[in-house]
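A.B. asks: Given the coordinates of chain A, work out where chain B should sit on it, guided by the hints.
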Amino acid sequence: MELVKCNNLCKEFDGKQILSNINLTIQKGNIVGLLGKNGMGKTTLIKLINDLLIPTSGEILINGEKPGINSKKIISYLPERTYLDKSMKVSQIITFFDKFYDNFNKEKAIRLLKDLDLDINLKISKMSKGMQEKLQLILVMSREAELYILDEPLGGVDPATRDYILDTILSNFNEEASVIISTHIISDIERILDEVIFVDKGKIVLTSSTDKLREKENASIDEIFRRYFKC
Amino acid sequence: MDKIFNNDRPIYIQLVEMIRIEIVSGKFKKGQKIPSVRELALIMKVNPNTMQKALVELENEHLIYTERTNGKYVTEDEKMIEKIKRELANKIVNNYLNSMKNIGIDYDLAIKYLQEGGKDGIS
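Chain order of the listed sequences is A and B. For the first sequence, this note's numbering assigns the number 1 to the initial residue and increments by one for each residue that follows. For the second sequence, this note's numbering assigns the number 1001 to the initial residue and increments by one for each residue that follows.
The set of hints was computed from the structure by calculation and includes no laboratory data. Careful, some of the hints might be misleading.
Claimed, not checked - Quick list of in silico lysine to aspartate or glutamate cross-link-like pairs, EDC-like style, CA-CA up to 16 Å:
#, chain 1, residue 1, chain 2, residue 2
1, A, LYS212, B, GLU1076
2, A, LYS66, A, ASP51
3, B, LYS1072, B, GLU1057
4, B, LYS1045, A, ASP163
To be verified - Covered stretches of chain A (chain B as the covering partner; in silico rule of three or more C-beta atoms under 8 Å from a C-beta of chain B):
#, segment
5, 28–40
6, 167–177
7, 214–220
As the list claims (entries may be wrong) - FRET-style restraints, in silico, Cβ to Cβ:
#, chain 1, residue 1, chain 2, residue 2, range
8, A, GLY39, B, ILE1013, 29 to 37 Å
9, B, ARG1038, A, ASP163, 16 to 24 Å
10, A, LYS230, B, GLY1071, 27 to 35 Å
11, A, GLY130, B, GLU1061, 39 to 47 Å
12, A, LYS212, B, LEU1109, 39 to 47 Å
13, A, GLY39, B, LYS1033, 48 to 56 Å
14, B, GLU1061, A, LYS89, 49 to 57 Å
15, A, ASP163, B, GLN1115, 42 to 50 Å
16, A, GLY39, B, ARG1068, 16 to 24 Å
17, A, ASN21, B, GLN1032, 38 to 46 Å
18, A, LYS89, B, LEU1088, 52 to 60 Å
We put the CB at the ideal spot given by N, CA and C, even for glycine.
Chain A on its own, in the form it takes in the complex (with noise of 0.2 Å):
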């Protein structure tokens, strides 16, 4: 079943064209990649999917629906910049998420701070931004959500937890649930991929299962990339 659905999507800033005529299906059950170098589109995309920007022209549909409120409650969405309030403490934070989302499943969050070592009564101010990082992505995951949108969640991060954020990404992912993952990390991420799409100048260059690519081109992921997008 689709879960998401864009059709001829385009954006303009200041008539400068940032995405055209994108078309693109993400069924459910999957682990998607968006990979593309910085400034191609992604993140353009991943606002437009959480509806936090309006389409120049075309449509996307989720769960064959405009965004909006009920797109909402089922996106779990992980932006590149944290918007936590500093001067809370995570306690607090977790009480708020649980407030705020009916799918907020709080012995979880608990759980995973847990396995993080991050101490529940530290103000977000006192934290290192990599430690903020960890926070935003297990309130994320936290959600049982339908769709988790992930923006570049391992930029901060050090390799033995993004390794952890891999494990709880996939032991988290159920049947009904689909992962969209924007990053430029592709290395480490790319074992739990199950399609890659590549974004190139606003256009979408490339959509494959990432085990048919890799049979194709001898390569890994990051080596065709690498190869694509050589400067």
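C.D. replies: Chain B alone, transformed into the frame defined by chain A:
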């Protein structure tokens, strides 16, 4: 099970190879029930869809079979397991002989070295 994958090759093929070895080496015994797709995916730290694909492949090879609603089992067919073990062994032998050939050692000498080195090489 080792969970280090080579990203150059399809992961499902590497999973097939790993599970095949578990079966021919007897770590997965004949007729034994194997863990569910989800459990296996978590053990191997791969996407469940990829694991599913690997199991379908093993089922096509008749190394495992599905018992309707009960889950998947290792084949009871010992001959089949032996046959696959033999194929794997042949591959290893050919790799060895080819590597020896590459460094200028012919077949007879390669066999001799194998017999000599093999004694203390095996652990």
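A.B. asks: Could you run down the list of hints and mark each one as holding or not?
C.D. replies: Results of checking the hints against the structure:
{"no.": "1", "hint": "LYS212/A / GLU1076/B", "in the structure": "violated (32 Å)"}
{"no.": "2", "hint": "LYS66/A / ASP51/A", "in the structure": "holds (9 Å)"}
{"no.": "3", "hint": "LYS1072/B / GLU1057/B", "in the structure": "holds (13 Å)"}
{"no.": "4", "hint": "LYS1045/B / ASP163/A", "in the structure": "holds (10 Å)"}
{"no.": "5", "hint": "28–40", "in the structure": "holds (count 3)"}
{"no.": "6", "hint": "167–177", "in the structure": "holds (count 5)"}
{"no.": "7", "hint": "214–220", "in the structure": "holds (count 5)"}
{"no.": "8", "hint": "GLY39/A / ILE1013/B: 29 to 37 Å", "in the structure": "holds (35 Å)"}
{"no.": "9", "hint": "ARG1038/B / ASP163/A: 16 to 24 Å", "in the structure": "holds (19 Å)"}
{"no.": "10", "hint": "LYS230/A / GLY1071/B: 27 to 35 Å", "in the structure": "violated (47 Å)"}
{"no.": "11", "hint": "GLY130/A / GLU1061/B: 39 to 47 Å", "in the structure": "holds (45 Å)"}
{"no.": "12", "hint": "LYS212/A / LEU1109/B: 39 to 47 Å", "in the structure": "holds (43 Å)"}
{"no.": "13", "hint": "GLY39/A / LYS1033/B: 48 to 56 Å", "in the structure": "holds (51 Å)"}
{"no.": "14", "hint": "GLU1061/B / LYS89/A: 49 to 57 Å", "in the structure": "holds (55 Å)"}
{"no.": "15", "hint": "ASP163/A / GLN1115/B: 42 to 50 Å", "in the structure": "holds (43 Å)"}
{"no.": "16", "hint": "GLY39/A / ARG1068/B: 16 to 24 Å", "in the structure": "violated (53 Å)"}
{"no.": "17", "hint": "ASN21/A / GLN1032/B: 38 to 46 Å", "in the structure": "violated (52 Å)"}
{"no.": "18", "hint": "LYS89/A / LEU1088/B: 52 to 60 Å", "in the structure": "holds (57 Å)"}
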